[in-house]
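Student: Keeping their order, the protein sequence lines are chains Y and B. With this note's numbering applied, the first sequence corresponds to residues 564 to 965, in that order. With this note's numbering applied, the second sequence corresponds to residues 564 to 965, in that order.
Any given hint could turn out to be false.
Identical copies look the same in the list; a pair holds intra-copy or inter-copy alike.
[Claimed, not checked] Straight-line alpha carbon distances no greater than 25 Å define the calculated SDA-like cross-link-like pairs of lysine to any residue that follow:
no.	residue 1	residue 2
1	630	608
2	630	642
3	807	871
4	630	888
5	953	581
6	630	603
7	911	951
8	943	727
9	780	892
10	706	584
Derived from the structure by calculation, the hints contain no laboratory data.
2 protein chains.
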Amino acid sequence: MEKLECIFCKKEYLLDIFSPFCPECNEPMLCPAPQKKRTFYPGKASPLEKFIDFLPLSKINLDLSLKEGNTPLIRLNRLMDNLNLPPVFLKNETVNPTSSFKDRGTAVAIQKAVSLGIEKIGTVSTGNMASSTAAYGARAGLKTFVLLKEETSLEKLLAAGIYNPVLVKVKGDYGQLFYKSFAYGRKHNIYFMNSMDPFRIEGYKVTGFEIFLQLEKRIPKFIFVPVSSGGHITGLVRAFLDLKKEGIIQKFPTFIGVQARGCSPIAQAYTTGKLKVKRINKANTIAHSIANPDPPGGNMVLKLIQENKGKILDVSDEEILNAQKMLAELEGIFCQPASSTVLAGLLKLSEKEKFEVNDQIVLVATGGGLKTIKTLESFKIDIHQTSLSKLENTISSLAHGT
Amino acid sequence: MEKLECIFCKKEYLLDIFSPFCPECNEPMLCPAPQKKRTFYPGKASPLEKFIDFLPLSKINLDLSLKEGNTPLIRLNRLMDNLNLPPVFLKNETVNPTSSFKDRGTAVAIQKAVSLGIEKIGTVSTGNMASSTAAYGARAGLKTFVLLKEETSLEKLLAAGIYNPVLVKVKGDYGQLFYKSFAYGRKHNIYFMNSMDPFRIEGYKVTGFEIFLQLEKRIPKFIFVPVSSGGHITGLVRAFLDLKKEGIIQKFPTFIGVQARGCSPIAQAYTTGKLKVKRINKANTIAHSIANPDPPGGNMVLKLIQENKGKILDVSDEEILNAQKMLAELEGIFCQPASSTVLAGLLKLSEKEKFEVNDQIVLVATGGGLKTIKTLESFKIDIHQTSLSKLENTISSLAHGT
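The shape of chain Y in the complex, shown without the other chains (with noise of 0.2 Å):
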């Protein structure tokens, strides 16, 4: 019988695919180590083969997979050189199917979901993890709700809505969608694999697998991830987990999570040294991926960050429209405001931690920059104007200036 474990009683209990929490403390459930030994099968095209020891998946329907993964770690040369830095690598999560690390998590738990039978599933988003969920419900032939805020824009309900979802705009508190959506879901057959769900998260463990072997086995110094509910860097801190305990490694990365300061409700705990993550009352940023007011993974963050010796950070709206810009201007890598955050980030631990020279620091970008252009709508661009018969002097002028 599948089970599920709270980390936080450290209890195990049946897995109920409608209701992922604890039912002592509420906290979310994660899936537990199996017993066996676990190995890679480095042979294998499809992330979920080669790392089928580490998911909670007996086989893989590659049916169902939309082939996300096998995703770039890209070295930022030129960024290096510019700001002194050591070696600083990019895990390009962005050319995912659907354009951001959602899919590695929705492609588990749409196995999952098919294997148990599941017809209908959904999700609660306005971004990125309601067009994952659509592509993949859609691929896979399930009936798929998307819960919405009301003021969704037009742009964002048609990236999930090209894929034909049941879509459903819910005026009131976005905390409460969240919890509600289990209670409904248990009671109409519908899977709410939403940002906690926890083989959502054993699927974001699969980039951390890749990340250590496209460093060909050496662990890096730093990892930089977006934190906004928590499961993204809870699945990239459990695979490091997971090849310790499996004795692959015996150092351990540090982990930083950054928040937009406009909506940092754990990099506020973690400061002030709590050990539970108060909610806040309104996000404001402009990195709207990442900014969940009342975290469901809030307190599991707090929890791995503190036991595995890594921080939280937050950043400025301003620090992350620069770290958009020097990405794309300096490296050709266009991202979301939230997935710049880890640069920002970087940028900002750099000022007062020392690095060695062989660090490696690995930053990951969660999202496509083209999904949030119009967040650039106040972004200054040089446009020069000519015509076809003044193009020559045009051109010559700007040939040779700086």
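Got chain Y; can you put chain B on it based on the hints?
Tutor: Using the frame of chain Y, we list chain B on its own:
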């Protein structure tokens, strides 16, 4: 000394990076095949290194790459079942670094630029090629000129402008702008890597080699490709010509080029049995990325298609939008309208052609749907509205409805 060949005049000329056109007939020239025997290096992770024997490069500088390529080939099971088709696969070029196939070509052209010591590059484009060239130019630290139509939308300006190229809007005929860019580029040492650039075209060959290996060295019966200026299909056809020349394959795939009816000068010439493409006056289609009324590679595409027994089809905007919807709803893949022409073309061909049960069909999806989300604003999506207190009723009726 490096050369280019004219496949019309069957002559070779010394490479002039600033003007890759035949001095006699003015057609675009291509990179000739080397004399040596060529092979694949399957152990290499980078596609450029894997297929270097087939590329006009003597070594690969991985620092210039954004790790383009290695894109998935996805079997479209639900589509096949719904439409009673033999095996259909989608080559998903939308997951390239800037979300289009252009990155394949830019990646090779940028290698060539840097190896020649070039410091300024440029392109004439309004869409996919603009962002791709600007991104790779930024990554390489080159000054990058992007020449655009006067009426280019802010969205497209931003998608290229984020990389900080020199953006120039030019009033006047777009076809003339294409040719003038070479003249001014030579004068001011700017390598314009435009749509029919011979090195760009060599980059597109890599997609063909990947398809061949992903199908386990079977030759698909049909390969569908959107056609605009002509560079992409030229590269893909040449990939299989290379394989034939090396004796690696005997059979040849049937290439089906697909144009949007509102801008289909190549399809018109093909249908009427002409050898030369006649420019049309005005493009009128939703598939902007393939709306070139005066395609510089048009005659080359006609020649390659006729010599290799392919076809050029056209499809209406309605068929395009229907195909875009089908790919998203049935398979979870969200493409640009331009990309969706390939499925529209397949549906059209399937009305006449009797497929065998083992025929393999490949659709090349060229660019991501998020780039053109504005074209969906007329798209009808059902949005249900409710409030937290009525959510249970709403979910109940939607879950059990049809």
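Student: Any hints from earlier that this structure breaks? Give me their numbers in increasing order, please.
Tutor: 7 and 9
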